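J.: Sequence:
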Amino acid sequence: MSEETGKTTHFGYAEVPESEKAGRVQGVFRSVASKYDVMNDAMSMGIHRIWKDAMMDWLAPRPGQRLLDVAGGTGDISFRFLKRAGRGHATVLDLTEPMLVEGRKRAEAEALGESLDWVVGDAMALPFADNSFDVYTVSFGIRNVTRPEIALAEAYRVLKPGGRLMVLEFSHIPNDMMQKAYDLYSFNIIPRMGQMIAGDRDSYQYLVESIRRFPDQETFLGMVRGAGFENARYRNLTMGVACLHSGWKL
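Every letter in the sequence shown is one number past the one before it in the UniProt record's numbering, and letter 201, counting from 1, is 201.
Incorrect hints may appear among the rest.
The calculated lysine to aspartate or glutamate pairs, modelled on DMTMM-like cross-linking and capped at a C-alpha distance of 20 Å, are [said to hold, decoys possible]:
#1 Lys160 / Asp176
#2 Lys160 / Glu230
#3 Lys83 / Asp117
#4 Lys180 / Asp216
#5 Lys160 / Asp202
#6 Lys21 / Glu149
#7 Lys83 / Asp130
#8 Lys160 / Asp130
#9 Lys83 / Asp57
#10 Lys83 / Glu97
#11 Lys180 / Asp200
#12 Lys160 / Glu108
#13 Lys21 / Glu97
#14 Lys7 / Glu149
#15 Lys21 / Asp122
#16 Lys105 / Asp41
#17 Lys21 / Asp134
#18 Lys83 / Asp53
#19 Lys21 / Glu209
#20 Lys105 / Asp37
#21 Lys21 / Asp37
#22 Lys83 / Asp122
#23 Lys21 / Asp200
#24 Lys160 / Asp134
#25 Lys83 / Glu108
#26 Lys7 / Glu20
Here are the computed distance ranges between Cβ atoms for each label pair [stated by the list, open to error]:
#27 Glu114 / Asp202: 38 to 46 Å
#28 Thr219 / Pro17: 22 to 30 Å
#29 Lys180 / Gly121: 21 to 29 Å
#30 Lys180 / Phe128: 39 to 47 Å
#31 Asn231 / Arg201: 14 to 22 Å
#32 Arg66 / Ala153: 17 to 25 Å
#33 Met196 / Asn231: 38 to 46 Å
#34 Pro17 / Thr238: 29 to 37 Å
#35 Pro17 / Leu250: 31 to 39 Å
#36 Arg201 / Trp248: 36 to 44 Å
#37 Leu250 / Gln195: 29 to 37 Å
#38 Pro215 / Asn188: 23 to 31 Å
Hints are computed from structural coordinates only; laboratory data are not their basis. This one's a predicted model, so the numbers in the text were calculated from it and none came from an experiment. Cβ atoms here follow ideal geometry from the backbone N, Cα and C, with glycine treated the same way.
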């Protein structure tokens with residue numbers, strides 16, 4: 001928010017004015033855009049692909065549906081959605097234009113060109129009319145939003161009645177010993193990978209810290225319900241390293 005309000009938010013483990021977070025997040029993703037997909041494979045040992053397929057399994061896209069994929073970056077979710085649906089339309093929205101540029105370069109983008117739109121925009125102020133989409137997805141992006149509760153309210157607004165929200169995000173392992181082991185890997189290995197593969201340690205240090213600052217499964221479920229979504233549930237993936245949250249606008 002503005003300096004007048006004096007409100008701050010977290011940027012990794014740092015506290016920053018709310019007005020600064022979006023710009024800092026853009027800086028991170030501008031820096032890593034060209035290596036983003038390679039780093040996702042390296043950081044997760046390819047498991048992020050299995051998580052995204054699990055997202056599609058639960059979502060069960062249907063022919064003719066319109067998807068809004070927020071923080072959609074390089075298009076992974078939109079490509080999967082359109083292939084599963086057979087026919088439909090996907091709008092990929094991201095705050096950082098270089099991420100969208102990388103997405104447009106992919107072979108899938110060329111093959112599915114007429115079914116895709118690429119839009120630079122903010123999850124907290126979506127440039128779309130009410131009741132516009134059948135499905136809203138956000139994959140590993142909502143933890144980077146300054147105020148996730150506003151993003152969820154916007155998701156509810158732009159979904160049609162009967163529309164579906166699905167969020168894939170890193171989460172918390174319910175076993176303390178396993179969480180500590182995962183933390184050791186995250187804080188010691190991932191920033192080094194970022195330096196070796198993308199030449200950028202600091203951005204990946206932020207990404208690790210942002211995961212730890214994100215609410216746990218039950219807390220985020222409460223936020224989904226608080227935005228008005230019904231039949232809200234979640235499913236842990238890989239023991240809670242990631243989690244899917246689902247809700248319906250009824």
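J.: Hints first: check each against the structure and report whether it holds.
T.: Checked hints:
1. Lys160 / Asp176: Answer violated: Lys160 to Asp176 is near 40 Å, above 20 Å.
2. Lys160 / Glu230: Between Lys160 and Glu230 the Cα gap is close to 14 Å, so the pair holds against 20 Å.
3. Lys83 / Asp117: Roughly 15 Å between the alpha carbons, so the hint for Lys83 and Asp117 holds.
4. Lys180 / Asp216: It holds: about 15 Å lies between the C-alpha atoms, which stays within 20 Å.
5. Lys160 / Asp202: Not OK: Lys160 and Asp202 at ~40 Å, beyond 20 Å, violated.
6. Lys21 / Glu149: The hint holds at about 15 Å.
7. Lys83 / Asp130: It is violated: about 26 Å lies between the C-alpha atoms, which goes past 20 Å.
8. Lys160 / Asp130: Satisfied, since the Cα-Cα distance of roughly 8 Å is no more than 20 Å.
9. Lys83 / Asp57: The given pair, whose Cα atoms are some 12 Å apart, holds under the 20 Å limit.
10. Lys83 / Glu97: Given pair Lys83, Glu97 is violated - Cα atoms ~24 Å apart, limit 20 Å.
11. Lys180 / Asp200: Violated: Lys180 and Asp200 sit about 25 Å apart, past 20 Å.
12. Lys160 / Glu108: Measuring from Cα to Cα gives roughly 27 Å; hence the hint is violated.
13. Lys21 / Glu97: 17 Å, holds
14. Lys7 / Glu149: Satisfied, since the Cα-Cα distance of roughly 15 Å is no more than 20 Å.
15. Lys21 / Asp122: Holds, because 12 Å separates the two Cα atoms, which is no more than 20 Å.
16. Lys105 / Asp41: With Cα atoms ~18 Å apart, Lys105 and Asp41 stay inside 20 Å; holds.
17. Lys21 / Asp134: Given that 20 Å is the threshold and the Cα spacing comes to 30 Å, the pair is violated.
18. Lys83 / Asp53: Cα-Cα ~11 Å, so holds.
19. Lys21 / Glu209: The hint holds at about 14 Å.
20. Lys105 / Asp37: 12 Å, holds
21. Lys21 / Asp37: 23 Å, violated
22. Lys83 / Asp122: With a Cα-Cα distance of about 26 Å, the restraint between Lys83 and Asp122 is violated, given a limit of 20 Å.
23. Lys21 / Asp200: 19 Å, holds
24. Lys160 / Asp134: OK: Lys160 and Asp134 at ~6 Å, within 20 Å.
25. Lys83 / Glu108: 10 Å, holds
26. Lys7 / Glu20: 11 Å, holds
27. Glu114 / Asp202: 38 to 46 Å: 39 Å, holds
28. Thr219 / Pro17: 22 to 30 Å: 24 Å, holds
29. Lys180 / Gly121: 21 to 29 Å: 38 Å, violated
30. Lys180 / Phe128: 39 to 47 Å: 42 Å, holds
31. Asn231 / Arg201: 14 to 22 Å: About 42 Å separates the Cβ atoms of Asn231 and Arg201, which means 14 to 22 Å is violated.
32. Arg66 / Ala153: 17 to 25 Å: Because 20 Å falls inside the window, the suggested range holds.
33. Met196 / Asn231: 38 to 46 Å: 44 Å, holds
34. Pro17 / Thr238: 29 to 37 Å: At roughly 35 Å between Cβ atoms, Thr238 and Pro17 fall inside 29 to 37 Å, so the hint holds.
35. Pro17 / Leu250: 31 to 39 Å: 37 Å, holds
36. Arg201 / Trp248: 36 to 44 Å: 41 Å, holds
37. Leu250 / Gln195: 29 to 37 Å: 47 Å, violated
38. Pro215 / Asn188: 23 to 31 Å: 24 Å, holds
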